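Colleague: Each chain is listed here by its residues.
4 protein chains.
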Amino acid sequence: MATLPVMTRAEVEAFLEREFPQIHHGGRSYAVEAVGPLSACVRLAYHERHLRPGGTISGPAMMALADLTLYVAILANIGPVGLAVTTNLAFNFLRKPGRSDLLSECRLLKLGKRLAVGEVNLLSGSSPDPIAHVTSTYSIPNV
Amino acid sequence: MATLPVMTRAEVEAFLEREFPQIHHGGRSYAVEAVGPLSACVRLAYHERHLRPGGTISGPAMMALADLTLYVAILANIGPVGLAVTTNLAFNFLRKPGRSDLLSECRLLKLGKRLAVGEVNLLSGSSPDPIAHVTSTYSIPNV
Amino acid sequence: MATLPVMTRAEVEAFLEREFPQIHHGGRSYAVEAVGPLSACVRLAYHERHLRPGGTISGPAMMALADLTLYVAILANIGPVGLAVTTNLAFNFLRKPGRSDLLSECRLLKLGKRLAVGEVNLLSGSSPDPIAHVTSTYSIPNV
Amino acid sequence: MATLPVMTRAEVEAFLEREFPQIHHGGRSYAVEAVGPLSACVRLAYHERHLRPGGTISGPAMMALADLTLYVAILANIGPVGLAVTTNLAFNFLRKPGRSDLLSECRLLKLGKRLAVGEVNLLSGSSPDPIAHVTSTYSIPNV
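Chains as they are written, first to last, in our numbering: chain A, 2 to 144; chain R, 2 to 144; chain X, 2 to 144; chain Z, 2 to 144.
The hints are simulated quantities; they were obtained by calculation from the structure and are not laboratory data.
The model shown is predicted, which means the values in this text are computed figures rather than measured ones.
Restricting the straight-line Cα-Cα distance to at most 16 Å, the calculated cross-link-like pairs of lysine to aspartate or glutamate (EDC-like) are:
| # | chain 1 | residue 1 | chain 2 | residue 2 |
| --- | --- | --- | --- | --- |
| 1 | A | K111 | Z | D130 |
| 2 | X | K111 | R | D130 |
| 3 | Z | K111 | A | D130 |
Full structure from sequences and hints, please.
Modeller: Right, here's the structure in full:
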């Protein structure tokens, strides 16, 4: 089912910059690392303002990251066609993240006309074991 | 299965104040409105810093609110016995919230020795229709 | 948001009988107990063929029941307009059911043009505590 | 985190045969295809009794298959230490399965002392695109 993305990594980043400047609120934290056929990878730079006491990255910061990564994967693969909205999001918290960047890897399980479904693995530091696993559904508006 | 809570609303609020001062980071937003048998209600004051463009309250702000409400319900019903952690969180986004406070109502579906499971309805303004519905599981450590 | 259902309990039951005779495969087990504004209730009669060893009702039998109840709630509230399909289903198993009928109570959280979202509580015997809680999304085809 | 399984494919199959003969109720449908480090694969033979009208495999049959595969993965990797129970199960239905066997591939995301979390991709025929994606949590009893 996979075909080449219709936007490059740089095009997606420029689009986000223009349309969603608020994701950089408080300083640049998110970087689109890669986009591919039905996939995307976004990095969240380690920063105090995403932390809870004990140095753990907060659940909401993880959620924002996972949601952004799924949006990037959709955007790169269908183009900037309008405001897709999250309808469903299921989080499994697996391990305590360390004091390092988070890498968020998304694979689209389905990219239909009305719904896109993806899974995201959140990785911390150099460990291959995900700290959280997310599945999420976006509703895609009629064009 | 419901019995009286072991902590009052005021005791829970004082506990949060002492142990989690960071939830008030940036200004006081959360208020514990009520605790009851297997239930709790928390209010998030409407404030610009929880918004996305268009005036919508952000998904991560809703997640933080729902998670806090479940924690308050557990705390009130078992007492301050240690660090319960969220293992699972499933969000359904239903409607766009308005420009008003969010009310978060939690009912515990199960309060076992090892796991607590609850559901949360998020309400906006005076509408009885939830803007989001959440189910979540906490793992309770051995005492 | 709630308005009167457009089909009665008897009409829904007759529709299921005609369109989905296979739900009675092996004997009549399901009975539509009630339909209401954004709600429905279906009973699963206790029967050996839904059991696992130890007398517990199987997870798949519970899933079939919850899914049917959500479908009944949608049907009763929008009428027999075509083949809605389940896109998402999240189960929390809470307690071991007893050797008795299961009652499945559905409340629609949202009934939109494209998506319907509902929650289901499964009750066993006379206990008010649910044995399982389910949230699910149906995709509604364009008419 | 992955280490070698503690049971072989044949040992798991013999265990299921002895402890859960009811999964073969109505004829042999399930075959354990492989077990590996934090993984397992189970096949469901195409058979009329798992169908809904139109030739589609029913949701509950898919659920039973996914649940069994996760159980097999846990069993193979921790040994036959007692009755793990499903606490949570989240299904995304992605595509209509064809008239062929279903292959169920499980990867354990976490195998802790108290909780095991896994994801399952269900594949139909020779397509690499999953027809359903499942995440699920098992509670592991104290030994």
